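Going by our numbering, the first residue of the sequence shown is number 335, and it counts up by one from there.
Think of the hints as simulated: they come from the structure by calculation, not from any bench.
Please read these numbers as outputs of a predicted model, since none were measured by experiment.
Treat the hints with caution; some may be incorrect.
What the hints assert, rightly or not - With a straight-line Cα cutoff of 27 Å, these simulated DSSO-like cross-link-like pairs (lysine-lysine) come out:
| # | residue 1 | residue 2 |
| --- | --- | --- |
| 1 | 524 | 538 |
| 2 | 464 | 529 |
| 3 | 486 | 367 |
| 4 | 552 | 538 |
| 5 | 538 | 499 |
| 6 | 367 | 472 |
| 7 | 541 | 464 |
| 8 | 407 | 486 |
| 9 | 541 | 367 |
| 10 | 379 | 541 |
| 11 | 575 | 529 |
| 12 | 392 | 367 |
| 13 | 524 | 472 |
Stated by the list, open to error - Here are the in silico distance ranges between beta carbons for each label pair:
| # | residue 1 | residue 2 | range |
| --- | --- | --- | --- |
| 14 | 412 | 482 | 48 to 54 Å |
| 15 | 403 | 354 | 14 to 20 Å |
| 16 | 481 | 391 | 21 to 27 Å |
| 17 | 458 | 390 | 25 to 31 Å |
| 18 | 574 | 414 | 43 to 49 Å |
| 19 | 391 | 452 | 36 to 42 Å |
| 20 | 490 | 348 | 26 to 32 Å |
| 21 | 339 | 482 | 34 to 40 Å |
All C-beta atoms in this analysis are idealised placements derived from N, C-alpha and C, irrespective of residue type, glycine included.
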Amino acid sequence: LNILKSELDELGRDVNLYISENVHMIQPEHIEKDSAGSGVGSTRKGVAYTYADRALRKGKRVTQEALTTHGIKATIYRGLPPIAENENAIFEGAQGLMLDIDYGEYPYITSSSIMPSSVHRIDKFIGVMKSYTTRVGKGPPYHPDLPELRQKGNEFGVTTGRPRKTTWNDIDQLNYAISIVQPDEIVVTKLDILKNTPNICVYKNNKLFNIGNLDNYKDFLLETFPKIKWFSEAPHGDLIKVR
Numbered sequence: 335l336n337i338l339k340s341e342l343d344e345l346g347r348d349v350n351l352y353i354s355e356n357v358h359m360i361q362p363e364h365i366e367k368d369s370a371g372s373g374v375g376s377t378r379k380g381v382a383y384t385y386a387d388r389a390l391r392k393g394k395r396v397t398q399e400a401l402t403t404h405g406i407k408a409t410i411y412r413g414l415p416p417i418a419e420n421e422n423a424i425f426e427g428a429q430g431l432m433l434d435i436d437y438g439e440y441p442y443i444t445s446s447s448i449m450p451s452s453v454h455r456i457d458k459f460i461g462v463m464k465s466y467t468t469r470v471g472k473g474p475p476y477h478p479d480l481p482e483l484r485q486k487g488n489e490f491g492v493t494t495g496r497p498r499k500t501t502w503n504d505i506d507q508l509n510y511a512i513s514i515v516q517p518d519e520i521v522v523t524k525l526d527i528l529k530n531t532p533n534i535c536v537y538k539n540n541k542l543f544n545i546g547n548l549d550n551y552k553d554f555l556l557e558t559f560p561k562i563k564w565f566s567e568a569p570h571g572d573l574i575k576v577r
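Go ahead and model the full structure; you've got the sequences and the hints to work with.
Structure representation (structure tokens):
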């Protein structure tokens, strides 16, 4: 809750925040255990140990009293009212499939599932594909790191500030992720980072292939992944519909 409070303070304005009564709270002892290091590249915020206590049926759930004590303006809810007809709601997920506890690169994964199955009656599921591959923390043997691309893309972990491993996209890994997640559409982000890169590459069958410049790369992506419908070519800019 201390971290949540600091994030809300950083926003500098009140937000209409609801927190499910099922949410478990990270305790000081969780952070202490995590800080000792697990060897899998944890953010050391106590998340894994909180999940462990939940599975052991001894975790502590959030309460209105705890929120008030920490100075957090939020409402505990059991169930949100249904969305009115002709209204839209967006559910945003974090982390990619290779960090999923079941389908990811175990044990170098997060503590929960990143799948959208907890949200029902989805009209459209949009998958997000970065124009190159990044990963923060430890993991299995990786393709060679590209420090210049990391700097250009500002690829540093949001929570810890650690540099992300940055490399070219792996086509086999992307096809695997798409086959599991089954998005309706895909948007490719951070294409602007590759704008002046003459030799954009990809990996396939553990071999490196030079695709060429950004225009060549876009054509390659559209040919390889039929579900790509959108490109993002500017930071915080509008999406460009490509088909």
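Which hint numbers doesn't this structure obey?
Those not satisfied are hints 3, 8, 9, 10, 16, 17, 18, 19.
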